[in-house]
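Protein chains in written order, with my numbering: chain A, 5 to 914; chain B, 18 to 144.
Since the hints were derived computationally from the structure, they do not count as laboratory data. All C-beta atoms in this analysis are idealised placements derived from N, C-alpha and C, irrespective of residue type, glycine included. Some clues are possibly wrong.
To be verified - The calculated label-pair distances, taken between Cβ atoms and stated as ranges, are:
1) B:123 to A:448: 36 to 44 angstroms
2) B:122 to A:446: 53 to 61 angstroms
3) B:129 to A:263: 54 to 62 angstroms
4) A:795 to B:122: 37 to 45 angstroms
5) A:434 to B:129: 58 to 66 angstroms
Stated by the list, open to error - Here are some chain A residues pointing at chain B (derived, C-beta under 7 angstroms):
6) 107
7) 667
8) 679
9) 753
Claimed, not checked - Which stretches of chain A does chain B cover? Using the computed rule of at least three CB atoms under 8 angstroms from a CB of chain B, they are:
10) 423-432
11) 551-562
12) 602-614
13) 644-654
14) 696-710
15) 713-722
Here is what each chain is made of, one letter per residue.
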Amino acid sequence: MSGIILVFLLASGGAFLLSRRPRLALATAAVPLVATGLWLAWLSARVLDGERFAAQVSWVPSLGVDLSFRVDGFGWLLGLIISGVGLVVLGYAAGYFGDVNGRRTARFAGLLTIFAGAMCGVVLADDVWTLFVFWEITSVTSFLLIGLDDRTAGARFSALRALLVTSMGGLAMLGGFALLVGEVGSSSFAAVRGADVTEPQVAVALVLVLVGAFTKSAQVPFHFWLPGAMAAPTPVSAYLHSATMVKAGVVLVARFAPVFVAAGWWRPILLTVGAATMFLGGLEAMRQHDAKLLLAFGTVSQLGLLMLLFGAGWSETTAAGVALLVAHALFKAALFLAVGVVDHATGTRDVTRLSGVGRRLPWLAAAAGVAAASMAGLPPTFGFVAKEGVIASVFEAPGGWGTFASVAVVGGSVLTVAYSWRWWVGVFGTKTASTSDLAVVGHEPGLAVVAPVTLLAVLSIVLGLAAAPVGDVLGAVSESLDPGQGVHLALWPGWHPPLFASIAIVGAGLALDRFTRRVWSPSRDTAVAAFQRTFDSLTAGAKRTAGIVQSGSLPAYTAVVFTVVAVAAATPIALGARLEGNVDIAASPWQAATAALVTAFAVAVATARRRFVAVLLLGGVGYGLALVFFLAGAADLALTQVLVETLMIVVFLLVLRWFPDLHRPAPASVPRWIRSAIATGVGASAAAFAAIAATARSDRPVTDEMAARAVDEAGGRNLVNVIIVDFRGFDTLGEIAVLGIAAIGVANLVRTHAVPRRDIDTPRDRSVIMATVVRGLFPFLMVTSIWLTVRGHNALGGGFAGGLVAAAAFLLRFLADGEPPLRRVPRAGGVALVAVGLALAVITALAGLIGGAALESGIASIDLPRVGPVKAVSSTVFDIGVYLLVIGAALAVIRSLGAEPVDSEREVVA
Amino acid sequence: MNLVTVMLIGVLFGTGTYLMIHRSLTKIVLGVALLGNGVNLLLLSAGGPSGDIPILGGDGSLSDALPQALVLTAIVIGFAIQAFLLALAWRTWALDGSDDVEDDVEDRRIAARGGDEDDFVGSDGTA
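Chain B on its own, in the form it takes in the complex:
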């Protein structure tokens, strides 16, 4: 474990988070990619000290292969997820001419309604 790895993980998480709190789907996908990289590095570093490439036959101490196997599939799946998000962005653009996520209409309606109307039990409920 070393300080450089830790700080790099922090930077990737931070920048990824920063980008994901945006409306633009492009930025969100970029954020997901950065955050994914950070997660992969975190997984790898959590596996313990690094060593030689984990292929049997050498004589040095090998680095832990398990987190590597996990991260390897995570990288490929990350590719698929990002491609899927890009396809979503693309479709949003094809429909709206913009890749910004608009506010959810239904949620807006609920927010605007407040607590004034449509009470469940009216005050005339007395029999």
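Okay, chain A solo, but in the shape it has when bound:
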């Protein structure tokens, strides 16, 4: 069976490639169909004896998803229909498409092959996931085939509509399958059929699955996509949209109905939907002037009948349904193909304009007449045999729903007779009306397109004449669905109520056609209009929403983000978080005073109108916060904060010197009061969160463990530093990488655009005294920075602090001397230092790998002369990497933002 899948795949690939040889492409497409047909024919005897063939291909073993197949009687029959009708349609296509536009023919052949393979997968699947996958493939290929004429707007819209409807149904079905599998614990059909229908979850799942089946099989109210699908070329309509794909929903129902009919709601729903579809399709078919659309609505009607028969879940109706399914595949494909021939020959499908076609093409008219007779249920066609079986089965059905089914079938069949007759007379009859607009046969159709129609018509008669042996085969098939009592199929049923009913139906149908011919005219399909309205208002609504939400204003976006932050943080807090432990007012008077100062600075920053003032105030916030850190016992933080704040102020000023001092009053896209409200909300939420988070500890701090191991394993006593360079060294590695990347980013952003030379910071302006002092200070600061780095492992300090001190030293020289000394450092100097620092850190990390885990510290005691024993810890090297990187990053930033662009006058942007 996997071999068959492979043949389908290869053939479709081959067909796609053969756009220069369209006929060869069609022949290639025929290969897998022939293979499937022969394979199934070879299995025939054994399958009909009740033997089953299963195959399984493991797909996602970890999720228990397999492609699993099983050939039973029903699957065997459908597989034969798919390959048989497929071959007939391919033969027809060779004549229909001709040699023009080989690319289109090749695409048709490739897609048709994929579709046929997927359709075989649908009917042979033995597992809901397998079924679903192939089901969706048929939806997609149907979409592509409806839109085969991709330059026609109508075809594209119809294709899209079909896809939207069927894939929406597919989505519902997926949900249903997921629920079912969740309930029974297995995805095999056998397990799913065993689901307990009294469980509400199973009922919901089944309804969802039915939605999928209804959309696929064009049941009311999802039927409207099928007439639209007639935009496809004739072979596609004949194959996908009448003989095979649209039956997928019916097939699924046929497999489920015999067991799930145990749920009380199943039969009423299926009977009602089927009957409604049958009537609506029949009535709409009566209104059509387009011969193809008439057939399409006829298909809708027949699908309704099939849904009714299989959905009812009685063993008799199931057996009758199998017969009708075969009959329908034969006659409907023939009728579609005949319309295609007439369309080609006359240039129209309008039954009010076609005239004299039957006289010019008697052979085609006769073949199509046989097919139409089969559709109407006239002897000696197989349609008659099947229809008799159908009527007999519903007449035998018990209870009120049995009566309902009988009335629906008889009433619907009257419509079928009426539109069958109207179709045949309309297409092939001669009009007496004196309209000058009549269409006649322009050129004779070739044998290649007439022969398939004839073949299917002959089959309709042969099967009808051989009703008894065919009935035996179909009986065996229907037993694979429902082992109960079937229905007797015969060409001559005897003088029984079903025959009287048939005679009455034919009479009533012909009368109905006669009386309504002038009255009913094409109406706009309300379902299509409703779908269109829904679709249009959805897209319009989406656009309006996008217009409102996506205003393009950055402050508006930020405001939305912060509102969400405030609400998201406040909601759980309001819903029940509570404070644990005691709440003090302040840790100390010092802390309270500092906090008050920082608050004042922060508010001043937010309201300052002059940029320079704001930056200086921000510095105040930073220094004040350093004091807060120090008071909280975080000396390393305080040190780092002071150094960073200093650098930051300078960097700010280096940039802001180019800007006007006063903020220009910007157009307010977010009103001030909203800004204030959001800010207050975020502040309050953050404060509440902080209060709860600080007291919410429920476990011992991991730091206790780290403290216990710091000296032995990391060789250091400064816990903060040990964590940074050892315990959480990998984090630090990532963080310094970010630091380096940001610095490189700054260097590149600024290098690409230069600003006009200003005459501040040129040697003229520098202070000699300051320059002298700084030069004296510089070596001292550099030594301090190294000392801070090296001692950091055991005492206050570390690579970050050391690097920042060194950066501050360079900055001082830069400010005091103006630019020249730094210019001697190449522009890329800072970036190079970043690279060296990062490399050092990475190498240390990797070196640790040799002895054990990455970043594991190696500790060695070295006896230095005069100094005594010094413990060298490898993480110190890591810290030196951090040190170098911080210097490099700071240098790159200062050098870029502080530089006077001298040699780039031509790049100046005014």
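For chain A, the structure is supplied; the task is to place chain B on it using the hints.
Chain B only, in chain A's frame:
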């Protein structure tokens, strides 16, 4: 945990947020800086009660070193981020002569278009 820290965190978050909802890149960077300070303080205070400087050898109870280590790197990274934002502001100024963020042109176009034209499926879609 004490009320003063909590209120300070609220103030830093609030003022930072207020500044970030502006067009001026300078104000946005100032806002980022304030908000960053608030986040650092929040992290530190979430670590629990303060104590002595976490260097082994003393005899008092030490404050939790882990949040301190986290905040320390956060401070330095904050410096880099702010420098990067300033470089962006600088470049915007070099290009436009202003540090205001203009409305996104593409978004404006979408907003102006509304729901009137260019429907995906036309009402003539019936085959």
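Point to revise | Violated hints, by number in ascending order, as checked against the structure | key: Result: hints 1, 4, 6 and 10 break, sorted rising.
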